[in-house]
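> Listed below are the residues making up each chain.
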Amino acid sequence: MKLPEMIKAGALAACAMFALTTQSNAANIPAAPMPEASEEFVEAGRGIYIERCSFCHGLLGDGNGPAANYLDPRPRDFTLGTFKFRTTHSGELPTDNDLFRTVSRGLPGTAMQAFDDTLIKNGLSEEERWQVISYIKTFAYEFEDPDLDPVANGLVISLPDNPAPYTPETIARGADVFERAKCWSCHGMLGRGDGNAEFREDDWGFPIRIRNVTHPWKIKAGGEVEDIYMRFTSGISGTPMPSFVKSLDEADRWDLANYIKSLQHDLTSHQTLKAALVDGDLPENPADAMWDGAAPMDVRLTGQVIAAPRWQNPSIEMVTVQALFNKTDIAFRLTWDDPFKDVIHDEGQEFDPVELMQVGGFNSYVEANDMIPRALETFRDAIALQFAVKPPNGTAKPHFFRGSTSDQVHLLVWMADQVEAGARGTTEGNARGWKQAIKPQAEEGQNVTGGASWDQGRWSVVMKRPLVTEDKADVQFAPGIFIPMSLNAWDGSNGEHGRIMSLSSWYFVFLEAPTPSKVYIYTVLAFLVLGALGLWLTRKTINAKENEEAEA
Amino acid sequence: MRKIGTFPIVVIVLVAVYSLTKWGIPAFSREVTTLPFPLPVPGTLMLFYMTLTVIALFLMVTFSEEGMQDFLRPIKKLLRGGYGQIARGVVLLAIPLIGAWQMYDLTVPRAQVPASLRIQHPSSNFPVSFEALENPFEHRSDADVDAFIEQAKSGEIVFIEQVQEDIEYWVDEWDPDHVLEFFANDKIDAFLAQLEADEVDHEVARAALHQVDLFEGRALYAMNCRACHGDSVAGDGPMADGFKLRPIDFTDNGTVETIVVGYTFWRVTNGGPGLPTEATPWDSAMPEWKLSLTEEQRWKIILAEYNLAQKTPRIPEGHE
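Protein chains in written order, with our numbering: chain L, 1 to 552; chain X, 1001 to 1320.
To be clear, the hints were calculated from the coordinates, so they are not data collected in a lab.
Accuracy of the hints is not assured; some may be wrong.
[Said to hold, decoys possible] No farther apart than 25 Å at their CA atoms in a straight line, the calculated lysine to any residue pairs in the SDA-like style are these:
(1) Lys121/L <-> Lys1290/X
(2) Lys218/L <-> Ser90/L
(3) Lys1290/X <-> Pro353/L
[To be verified] What follows is a set of in silico ranges between Cβ atoms, one per label pair, in the way DEER data are often shown:
(4) Ser125/L <-> Trp1174/X: 51 to 59 Å
(5) Gly1155/X <-> Phe199/L: 27 to 35 Å
(6) Gly1082/X <-> Ala478/L: 16 to 24 Å
(7) Ser125/L <-> Pro1038/X: 42 to 50 Å
(8) Asp1186/X <-> Thr167/L: 39 to 47 Å
(9) Asp176/L <-> Pro1038/X: 16 to 24 Å
(10) Val1113/X <-> Lys545/L: 49 to 57 Å
[Stated by the list, open to error] Covered by chain X, per the in silico footprint, the following chain L stretches (three or more residues, Cβ under 8 Å):
(11) 66–75
(12) 92–103
(13) 116–130
(14) 362–373
Glycine included, C-beta positions come from ideal geometry on N, C-alpha and C.
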């Protein structure tokens, strides 16, 4: 019989599939150390550098390429010999392997991307990466000084021999270290980067953000425990992040790394927000316990790069949305991290994009630091929920960036300064494309109530509205349909206002409809019919047997 | 070996065919397509396979009276209690329960998330006038090459303003014999050697000018497109994760390689809003670059984009 062979083949195939899915990560450790940097080797590196690196890092390696002004953090200035991400002690040069790691896997959350050709099709081979590194090292004279060589001088940090496992106990010990080492004084009690009441600056005078360690996609030099351990062992040169090698022992640092790892947020992956039906009044207070029972959906946002003025340094990259509804109303709660509470808006400092709107101008992006103030007490924090007005027809929707002239969108815009001024926090408005500003609806059309709070680096905003309104320009909520929903968000102290903002593509909100009673009737009927059939067959079979026996 | 009865064979075959279509084919599809996800067998196709299997089994069982009796024997034995009261009870309860569950599954309203499919190269509204367009920087005119040679001879090359400043800094720092020395490129070196010997070959100059165009195109790409499409044109820029329809990966076969360059120009020019409705323009983050970039800038970017992706556009029909 062939069957067992087939099963065996199937099992083998299944094993092969499993092996395919558990491929290891691409190597960011070189197969061989950096080759001798001959003149030809460095010149080959220069060729790669001009083609792949110079537009950000500059022909002189000074971090001043044509794209540099638009980026935050700015591209590294190689001429200073100061490198953030190392496995060497504070203030020392990086090792060759450190540079190799950064070039190979890039720095997530920045414009520096992975160049490993096993990750991307037209990346750089290991040899090419070594060539370009050998050229980058020529920019800083420090690399030529044998006294500064971290490897020869024993300044390389090694990982602990017996690191503590990632367990609830080591994480709890790490939480104590977090408290004791005062990590919270910059990073905030909950790690959201809200410990400082004002901006910090790096050694070059640019404002920097204290890392929100709960967002793993922004952890530049890797989010694994050993990467995190290395950051507070080596320090981050040029920034206020010190080395804790003298104040904390190896075991403490490893526990702390376990704790930081445990703070990382797990993104939800669904695209549809399920609003749950509840009895009684909907909570307007964002701290109401009812919200704990509403299923969250994480919405990813990105810089508004679709139309000038373009912005590629967004601060709000994730907003968590929840929704509840009852017979008459629907309420949304939006939650996002923002280290500073910005409740002032100075229209006089708003950016005039007229130059960036020209065809063939120098660039249509907003510069990271010089064009707009990125400071406290300048612009307000704000968020907008956007809906398609017309119920979706097939897949047709308005464009996710504010609709179009033929297909308008409805926006619920919450502004922190309005709340502070005692006005209505959320204003309803409409838009027909991004070219015009959002047009607020007339006073009698304003139906949104709610509440807001900012606590420990996190905004929570509730917007509540009747399910159905008289207004034709409003979205109407009904159970059982998928309503397109997206977000716009502004972080005032990041200079964001107008089209300088972050936004999401379309997601959906879905109000769960109660199951019709006929479903239960059919289900019970199916059970009864099949049950009766079984009993009848049993009866018949037994009778037939008895008849046979009687005849016999 | 004891003969296997008809009933167990029927059960084994049904389970095997179901498992193969439900899990086996999708698992095998990953091997064939090398995609990171399996391709499931559509429901109607599964129904088709299962129906065929049932018909085949029915024919087998009812082919002879003995076969039929052999098939029914274990069922009759079960119903008579030949395998014990408990076994009979379990089966008599399980079958109605499974049936009820299937009925519930079938009738309960299930909301389907509206699909947003990506259509590769939608062209229902692609204007014919773009079909035969050529990239003016792919093959520079003789007049352009002559002008470039003159500029190079005087040492006053006119670069686009976006790269001008960085090149000036480099010249100030290194004080080279010729401004083009900032390149580390064979074609530029060959041209510079000829320039020094005052024996400039037109084609060598053309090749050098092409390198200048590529350099400028790459700079414009880095400033305008990199945020979404990425340093390496792999559709993985720092802004890419926020868009449901991810930016196109140009290194992927079947993207920029399979279209004429006029189509690429049309897409860059009109962006998402220029797409036909079947291509869900409302989900596309591609900007209308005609609002920000000149035609010249767009063509230079496209030149650099193909070069970075190591691809060549499809040649328009009738233009081979």
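> Confirm or reject each hint.
Status of each hint after checking the structure:
| no. | hint | in the structure |
| --- | --- | --- |
| 1 | Lys121/L <-> Lys1290/X | violated (30 Å) |
| 2 | Lys218/L <-> Ser90/L | holds (22 Å) |
| 3 | Lys1290/X <-> Pro353/L | holds (17 Å) |
| 4 | Ser125/L <-> Trp1174/X: 51 to 59 Å | violated (29 Å) |
| 5 | Gly1155/X <-> Phe199/L: 27 to 35 Å | violated (45 Å) |
| 6 | Gly1082/X <-> Ala478/L: 16 to 24 Å | violated (57 Å) |
| 7 | Ser125/L <-> Pro1038/X: 42 to 50 Å | violated (32 Å) |
| 8 | Asp1186/X <-> Thr167/L: 39 to 47 Å | violated (57 Å) |
| 9 | Asp176/L <-> Pro1038/X: 16 to 24 Å | violated (45 Å) |
| 10 | Val1113/X <-> Lys545/L: 49 to 57 Å | holds (54 Å) |
| 11 | 66–75 | holds (count 3) |
| 12 | 92–103 | violated (count 0) |
| 13 | 116–130 | holds (count 4) |
| 14 | 362–373 | holds (count 4) |
Checked against the numbered hints above, the structure breaks hints 1, 4, 5, 6, 7, 8, 9 and 12 and satisfies the rest.
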